[in-house]
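Peer 1: The lines below spell out each chain.
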Amino acid sequence: MLICEVIGHVWATKKQPELEGMKLMVVRETQTNEKNNKTFVAADTVGAGVGEQVLVVDGSTARRALGADDLPVDCAIVGIIDTLEVEREKKSK
Amino acid sequence: MLICEVIGHVWATKKQPELEGMKLMVVRETQTNEKNNKTFVAADTVGAGVGEQVLVVDGSTARRALGADDLPVDCAIVGIIDTLEVEREKKSK
Amino acid sequence: MLICEVIGHVWATKKQPELEGMKLMVVRETQTNEKNNKTFVAADTVGAGVGEQVLVVDGSTARRALGADDLPVDCAIVGIIDTLEVEREKKSK
Amino acid sequence: MLICEVIGHVWATKKQPELEGMKLMVVRETQTNEKNNKTFVAADTVGAGVGEQVLVVDGSTARRALGADDLPVDCAIVGIIDTLEVEREKKSK
Amino acid sequence: MLICEVIGHVWATKKQPELEGMKLMVVRETQTNEKNNKTFVAADTVGAGVGEQVLVVDGSTARRALGADDLPVDCAIVGIIDTLEVEREKKSK
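Read top to bottom, the protein sequences are chains A, B, C, D and E. The opening position of the first sequence corresponds to residue 0 in numbering that gives the first Met the number 0, with each subsequent residue numbered one higher. The opening position of the second sequence corresponds to residue 0 in numbering that gives the first Met the number 0, with each subsequent residue numbered one higher. The opening position of the third sequence corresponds to residue 0 in numbering that gives the first Met the number 0, with each subsequent residue numbered one higher. The opening position of the fourth sequence corresponds to residue 0 in numbering that gives the first Met the number 0, with each subsequent residue numbered one higher. The opening position of the fifth sequence corresponds to residue 0 in numbering that gives the first Met the number 0, with each subsequent residue numbered one higher.
One or more hints might be untrue.
Because identical chains share one entry, a pair is satisfied inside a single copy or across any pair of copies.
[What the hints assert, rightly or not] Derived pair list, reagent style DMTMM-like, types lysine to aspartate or glutamate, alpha-carbon separation capped at 20 Å:
#	residue 1	residue 2
1	37	19
2	22	86
3	37	17
4	13	81
5	13	86
6	37	86
7	13	51
8	13	69
9	22	43
10	22	84
11	13	84
12	22	68
Rather than coming from a laboratory, the hints here were simulated on the basis of the structure.
Construct all of the structure, not just a fragment, from the sequences and the given hints.
Peer 2: Encoded structure:
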């Protein structure tokens with residue numbers, strides 16, 4: 000899973016019907032070095048808000064997280080990080 | 000999902016028969032930093048046009064978006080972005 | 000799908016039996032910026048030749064393109080590009 | 000499989016119920032050059048501890064490693080490395 | 000498929016039981032530019048040795064190459080390259 004920060008929302012009127020009602024959030028990878036940090040969109044499944052650090056899954060696993068294999072979604076937020084404890088660079092939210 | 004801009008079209012006469020009739024568009028990632036921005040081809044499912052910001056899924060999820068698991072397509076446009084609201088760097092289309 | 004140029008061939012005598020008879024071509028991504036261009040091997044399904052621009056799918060989609068889910072192949076050429084029309088940087092083959 | 004070092008733990012109270020009880024560890028790729036080293040979270044399946052070098056699988060394979068295809072997890076630790084013997088740059092843990 | 004060089008071996012005593020008996024080799028991508036070359040571990044299926052150039056598949060395709068969909072392995076060597084013929088930069092092993 001990727002360690003990301005929720006940094007915003009995205010709205011789309013014209014979209015696949017299965018996306019109707021999903022909370023689509025803009026997330027940015029935070030633990031890899033600055034130059035490679037990816038920003039992308041993930042469907043929220045745990046009530047995450049902007050500014051929170053979250054765990055994100057992608058690919059076919061995102062469809063598992065959303066509970067239906069035929070969904071056109073490939074990234075999902077599956078947890079809100081309380082504490083991230085990393086050797087030599089201890090970090091607490 | 001990746002946040003991309005539609006930047007063009009691609010035509011191929013010799014191709015797998017399942018690609019016949021698909022609208023294949025050239026898209027470029029826009030939210031990640033410049034150096035890593037990928038340009039690739041996605042099948043359109045929502046009537047997107049050049050210049051629009053779109054949501055793109057890839058891998059096995061693209062086949063779900065296109066509604067058939069045996070298609071030789073691994074990228075699909077699944078939504079047209081109206082508004083992208085990002086903390087500290089608010090953006091509106 | 001990735002936009003690649005066919006740049007060569009690869010021969011392997013010792014290989015999985017399912018690869019027997021496949022035309023394995025060396026391809027290089029051409030549309031992303033120079034530094035990230037990947038070079039890899041894809042199985043040809045459309046009669047592509049060296050020097051041509053092609054559409055390449057990867058992962059489980061490559062097995063769909065080759066028509067059998069149990070093949071040990073994860074990249075396939077699915078179309079030969081006639082014209083690539085990109086905004087602000089029009090390109091024609 | 001990726002060669003990673005376990006560098007920490009992550010705790011999440013709000014999460015998908017299937018993640019309950021899993022040991023989620025922060026890992027960092029160690030063999031690729033410094034600039035591209037990714038840091039991410041993997042579920043432990045072999046009793047790995049901080050400071051150990053481990054083998055990590057991702058994508059649908061992580062769900063195989065965890066023994067259930069419907070889990071919302073896309074990275075798993077599947078082995079603890081005793082010795083890594085690499086030509087021209089012999090390394091022993 | 001990726002074009003890699005076999006550069007070493009990896010040993011792990013504590014590992015998932017399905018990995019027992021597999022020959023796990025350290026491989027490095029060789030055709031992409033130096034900066035992005037990845038080093039990782041792949042299960043050998045064709046009797047490859049250190050110093051040889053090989054074709055590597057990843058993701059769900061690696062499980063196909065190993066002949067069982069429930070294996071916790073996501074990279075496999077599927078061929079040993081005899082000759083790699085690339086335009087403008089002819090290479091022979």
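Peer 1: Flag every earlier hint the structure violates by its number, smallest first.
Peer 2: Failing hints, ascending: 1, 3, 5.
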